[in-house]
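Using the sequences and the hints given, assemble the complete structure.
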Amino acid sequence: MSIAAMKTDTTTPAQALAPAKAAKTLQARLTARLGLMLRAAAVAVIPPLITLAVLLMIWQIGFGRPGATLPPPTQVWKEAKDLILDPFFVNGPQDIGLGWRVLTSLQRVLIGFSLSAVVGVLMGAVVGQSIWAMRGLDPIFQVLRTVPPLAWLPIALAAFRDSSPSAIFVIFITSIWPVLINTAVGVRNIPQDYRNVAQVLRLNQVEFFFKIMAPSAAPYIFTGLRIGIGLSWLSIVAAEMLTGGVGIGFFIWDAWNSSRLPDIVVALVYIGVVGFVLDRIVAALGSLITRGAAAN
Amino acid sequence: MTAYLKLDHIDKTFRRGAVESEVLKDINLDIAKGEVISIIGHSGCGKSTLLNLIAGLTQVTSGGVLLEDREVNAPGPERAVVFQNHSLLPWLTVYENVALAVNKVFGGVKTRAERNAWIMHNLDLVQMTHARDKRPAEISGGMKQRVGIARALAMEPKILLLDEPFGALDALTRAHLQDSVMQIQAALKNTMIMITHDVDEAVLLSDRIVMMTNGPSATIGEVLTVALSRPRMRLDLVADPAYLAAREAVLKFLYERHRFVEAA
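So the sequence lines, in the order shown, correspond to chains A and B.
Numbering-wise, the working numbering puts 133 at position 133 of the first sequence, and it's gapless, one number per residue.
Numbering-wise, the working numbering puts 225 at position 225 of the second sequence, and it's gapless, one number per residue.
Warning: the hint list may mix true and false statements.
Unchecked claim - List of simulated lysine to any residue pairs, SDA-like, C-alpha gap at most 20 Å:
(1) B:Lys134 to A:Glu207
(2) B:Lys104 to A:Gln205
(3) B:Lys104 to A:Arg291
(4) B:Lys104 to A:Phe209
(5) B:Lys104 to A:Leu203
(6) B:Lys104 to A:Glu207
(7) B:Lys134 to A:Leu288
(8) B:Lys104 to A:Leu288
(9) B:Lys189 to B:Leu125
Stated by the list, open to error - Residues of chain A clear of chain B, computed beta-carbon distances all greater than 12 Å:
(10) Leu26
(11) Trp59
(12) Gly97
(13) Gln142
(14) Leu153
(15) Ile289
No wet-lab data here; the hints were simulated from the structure.
The C-beta atom is built at its ideal place from N, Cα and C for all residues, glycine as well.
Written as structure tokens, this is what we have:
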């Protein structure tokens, strides 16, 4: 070690310092970069882990005594271990892992949400373009959007007389409002300059929609879609109270009816994580697509 | 001889509820093919309104705009506008911004290859081929305005309308762009109407300068013919008596006879 140090000390600057310095700086840069990344990861991960540990401890202390109304974490772990550790087991038609249930629910949510995205953007475009459509429809939308998902259930059942379309309708009607209202605001905020360009070029309605309106209002539309996907996931339990079968929402309803509280706790965590991931996917999609429009 | 573009007894009144304001009153002007006209006046005199009327973006209250004896009442690509703030679509590249116009105007007439060549030709006219794949946010203000001009030229308009095209640019960039526009106009013989509030720009570029009185109820106060031969060289004109006389005439109109009251 000391020899190496001596050697570096004795080499003349002209001979070896330049390449040595380059290698050294490259290595130093890489180490520094790695250090920064590790640090960023630690900053992102460690605080929520600590919070989680504290919350679990409080929960354990609060409900750990005998006769507590809710199961403590240790009991959840003991009784619902199979659900936590293996999301994709199949032991029979009704005894399957929560991963399968989540996938079934996701399918339902995606159908309802896709409908509300398409209808919401189109209707939002109309409402944003026409001052009279806005005056006529906006107050009604503002009232309807406050109706909770559960309240739509009986109406949907009466109208469709079948549980499956009713569930999709409940998801649709819950998530359409933010999409619609945000699209309308985005369309109303299209700069007059862009409208003038469209007029001089004599773009027709369809061309205007795809070339000017959609890209210009895209940031607003994606805000609406992001809120919408959150709401449609929120309404999954309500929707699946009707449909039965294998969804995660129905699982909760079923677990409640047979007093399996630890299972419900695990299902809640699943729903939370999936909702979080959905939100991030739509957000990422939005920032990918609106890259150009945002930079004015 | 009938005029190429005729502004015939144009009045424009804006109504907002019960409040009426007459912006333009009795505007009459005949413009010949290939002529370059500047419209100059203090801010608020309705210059931009007049340009919007010719573009068809706003409707006249009475009177009419006639292009080749046909009334103009809607916007169209034969009256292309270069907007003051360039109005490029920020999500499209330079090439795509021009392509939007070319594909719309020549979609049925030219083949794909011809359209591509035409887009590149127009970008070349304004020396912007090097930035064809950049987005508007990535180029300077002067470059954006060049692309705006290319987009307008690419529509092969009968009349090119420029709404204070160089207003937002610094003096050096502005001079460059003025020279570019003069060269392009000399080559293509476009008919141009340009709004400006820069006296030198008006004298340098135009065949006639239309001077507007102050609003409300603004109208054409005077029309000055600039008797300078083309091509005009910026540096040669500095001491040219005809240039100085024209400049003085416009300045006198603006600051002696029609001084902007609110600014005083």
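Unmet hints by their number, sorted upward, for this structure: Checked against the structure, the hints that fail are numbers 1, 3, 8, 15, while the rest are satisfied.
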